[in-house]
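A.B. asks: Whole structure, please, built from the sequences with the hints as guidance.
Number of protein chains: 2
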Amino acid sequence: MAAGPSVAPTLSAAASTALLTDRYELTMLQAALRSGAAHRRSVFEVFTRRLPDGRRYGVLAGTGRVLDAIANFRFDTAQLDWLADQRVVDEPTLRWLADYRFTGDVTGYPEGEVYFPGSPLLTVEGSFAEAVILETVILSILNFDSAVAAAASRMTAAAGERPCIEMGARRAHESAAVAAARAAYVAGFAATSDLQAGFSHGIPTTGTAAHAFTLLHDTEKDAFTAQIASMGTGTTLLVDTYDLAEAVRTAVEVAGPELGAVRIDSGDLTLLAHRVRRQLDDLGARQTRIIVTSDLDEYAIAALAAAPVDGYGVGTSLVTGSGHPTCAMVYKLVARAASADPDAPLVPVAKRSAGAKSSLGGRKWAARRLDADGVAEAEVVGTGEVPAELADRLLQVPLVRGGEPVGREPLAAVRERHRRAVAGLPLSATQLSRGEPVLPTELVLG
Amino acid sequence: MAAGPSVAPTLSAAASTALLTDRYELTMLQAALRSGAAHRRSVFEVFTRRLPDGRRYGVLAGTGRVLDAIANFRFDTAQLDWLADQRVVDEPTLRWLADYRFTGDVTGYPEGEVYFPGSPLLTVEGSFAEAVILETVILSILNFDSAVAAAASRMTAAAGERPCIEMGARRAHESAAVAAARAAYVAGFAATSDLQAGFSHGIPTTGTAAHAFTLLHDTEKDAFTAQIASMGTGTTLLVDTYDLAEAVRTAVEVAGPELGAVRIDSGDLTLLAHRVRRQLDDLGARQTRIIVTSDLDEYAIAALAAAPVDGYGVGTSLVTGSGHPTCAMVYKLVARAASADPDAPLVPVAKRSAGAKSSLGGRKWAARRLDADGVAEAEVVGTGEVPAELADRLLQVPLVRGGEPVGREPLAAVRERHRRAVAGLPLSATQLSRGEPVLPTELVLG
Chain X
1 MAAGPSVAPT LSAAASTALL TDRYELTMLQ AALRSGAAHR RSVFEVFTRR LPDGRRYGVL
61 AGTGRVLDAI ANFRFDTAQL DWLADQRVVD EPTLRWLADY RFTGDVTGYP EGEVYFPGSP
121 LLTVEGSFAE AVILETVILS ILNFDSAVAA AASRMTAAAG ERPCIEMGAR RAHESAAVAA
181 ARAAYVAGFA ATSDLQAGFS HGIPTTGTAA HAFTLLHDTE KDAFTAQIAS MGTGTTLLVD
241 TYDLAEAVRT AVEVAGPELG AVRIDSGDLT LLAHRVRRQL DDLGARQTRI IVTSDLDEYA
301 IAALAAAPVD GYGVGTSLVT GSGHPTCAMV YKLVARAASA DPDAPLVPVA KRSAGAKSSL
361 GGRKWAARRL DADGVAEAEV VGTGEVPAEL ADRLLQVPLV RGGEPVGREP LAAVRERHRR
421 AVAGLPLSAT QLSRGEPVLP TELVLG
Chain U
1 MAAGPSVAPT LSAAASTALL TDRYELTMLQ AALRSGAAHR RSVFEVFTRR LPDGRRYGVL
61 AGTGRVLDAI ANFRFDTAQL DWLADQRVVD EPTLRWLADY RFTGDVTGYP EGEVYFPGSP
121 LLTVEGSFAE AVILETVILS ILNFDSAVAA AASRMTAAAG ERPCIEMGAR RAHESAAVAA
181 ARAAYVAGFA ATSDLQAGFS HGIPTTGTAA HAFTLLHDTE KDAFTAQIAS MGTGTTLLVD
241 TYDLAEAVRT AVEVAGPELG AVRIDSGDLT LLAHRVRRQL DDLGARQTRI IVTSDLDEYA
301 IAALAAAPVD GYGVGTSLVT GSGHPTCAMV YKLVARAASA DPDAPLVPVA KRSAGAKSSL
361 GGRKWAARRL DADGVAEAEV VGTGEVPAEL ADRLLQVPLV RGGEPVGREP LAAVRERHRR
421 AVAGLPLSAT QLSRGEPVLP TELVLG
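These protein sequence lines map, in sequence, to chains X and U. Just so we're aligned, residue 1 is where the first sequence starts under my numbering, counting upward by one. Just so we're aligned, residue 1 is where the second sequence starts under my numbering, counting upward by one.
Hints are computed from structural coordinates only; laboratory data are not their basis. Source: prediction; values computed, not measured.
Note that identical chains are pooled: a pair holds if it fits in a single copy or bridges any two copies.
In the EDC-like style, the derived pairs of lysine to aspartate or glutamate whose C-alpha atoms are separated by at most 16 Å in a straight line are:
#	residue 1	residue 2
1	Lys351	Glu246
2	Lys351	Asp218
3	Lys351	Asp243
4	Lys221	Glu246
5	Lys221	Asp243
6	Lys221	Glu253
C.D. replies: Below, the structure written as structure tokens:
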């Protein structure tokens, strides 16, 4: 395992993000340019009406990727030619898109922070035109990354001091896998198997070996000998290709008691971990660690708490959000000017049809109120003036100012913020059982 | 809506896929290069041990993207420098990677085909070295794309002749969304909202308008007037921002009876569709279509079969595989030569530990046996000789020969194959109720 700084942009960080966009964003733009309403100053908010069923808190992840996506939201000639060829939008709109760059402001919860229903996670302010077309890519990033981070946070809480390793690349779209590794790292995972995540985001990478490596060789002993010869005795040997007890014996025979770790990838992990620990100790390999993998999720990790396990490799369940592979975040217009005049006052707006999808108009602030012991007791979301007693508990920070990103930060800081945010919640936050959000959201209408 | 040919590569099609790879693939490579076993001819197979609980068939999607990923699996200088800097692998391995290009063969089920537990979906043959390192990216693509295609296939079956429109971009990782639109199109979706999917894959794109567009304007009538002025009367107006009945009246007042469609995005869709249909008919807008959206899945689509609905917009449920956001496909070494001699015979290999993860060694063929009426009755998977009566029902086709892709095909052909494949299954295949795979998998050991 090796940590490293971010030495290169993400796979497609330099690529334009402009077409990662629903067609209707551009046709609404065209219609609004024609009606003149496109130039009304507008405020959009990202929030979610609910957490996934039974979850105690949400985890915001992807904000750093959103800043890159906004910076790379530019239309190049090939894209504009295609839009023209397909008659997606008209000539005036194409000219407007050709010059596009976001010049507005973005504020929001800092990445890694926890959130609750109604938390104003990202506020985008600019002309309607410049802000509306960012909707799709912003939601794509935040909905996916936050879904993975929420699952990861439950897993690292269940794992306690033992490291969790992200190894779900093969169970997710190949680029989503990189974002998943990043989100898992934000929420406390120690490392990832995904090399691109190491390359793009500086996340420590790690790995063991597959059954194929053992099967390739004539005997398990040949395979272990080859791996030790190449990787040193500190490596992790996979011991469940044939007979587990024989494999552990062979592993220590070949590597000696300095063997770094063994990996168990099938069977009753609790039972096998105890059996292998005893065998390793009997063989004098008392420092050799036991890594378990095999469809782990937060519940399986919690169930292994009393087993002699030294690390968890988590794949499928992590990259699919442990039952909740996306969040329900939306991007809603909450206020807009009454005219295109830059000084026109903002008017709160909200959908008000009969269904369950109504929302509250007006730009929101948010604060986390603490009890006398300094433990969070409520998420307070409001419009208008911030009550004085909450002034130093405000959650939103500037992310983009006049089109310039001002909120970039190293992942280590994001990770530390997440750790502190969870530590500041009531203890029941990390219970795995289903329940209500651990903090109520209180609305203060100004 | 406009269809178009593929005019440009995918967002990152030209980018290297080489680091979309688990670290252990490269360290196994290093150890095998050192032991000499890396040069043994090897056969890897992609298959799944089970379908998601209750599903009747699987749908293979992503094969075309796999061919691109193999072609773009090259290590550039920045990647090699990073691998060296991080000490992921040693110098001899770095030199081997610098020259890497896949020179082997790939065969498999053609894209769009249905599959069952044990179907050999992709067979990769080459040296262990060149084949093992493709594992992660191949599984990433097939597991994600096939999960979406399987859900899409159930939805288009439930929708019958009515079009399904993919609009889930905001609920998936931004690049995964593009692959999801492609997979949905393979499985019969008519169009996507995702512009990048149109740009990269030539999928028809379409769209309506969001509530924000109505809220931006001073009145709903202003918004509808602006949209009609810009997009023409054939556009789709969103009618549930305020009062539905009033919005429908305003829509026809502004657009006339030529109004293309209205979209309903909340509420009891069956009830509202009937009400809106009656109102449109009373207003003389008998040709105006009704499009429904709002957390649809295959069950909701089926429940709307008797309602006067003309099209379904599907988002979250589609891009998250309708409860099964990934497949359980694995990439297993099933045979390898006994030595590095190119003429050495292949030896079947398989994991044989006690757990549930054992698998069958040896390269497989696969055929779909038909009954007297020409309806599929079994998926037959075997090793060794193909029985004569199945010789014209073989499923696998050549995809790569000597490193050169030979299996590329237009999406229209893939889409048509999928349609025919489902039509060839027993009728119970498209039942939405939970059940066993609609075809049994029969094993023939040669």
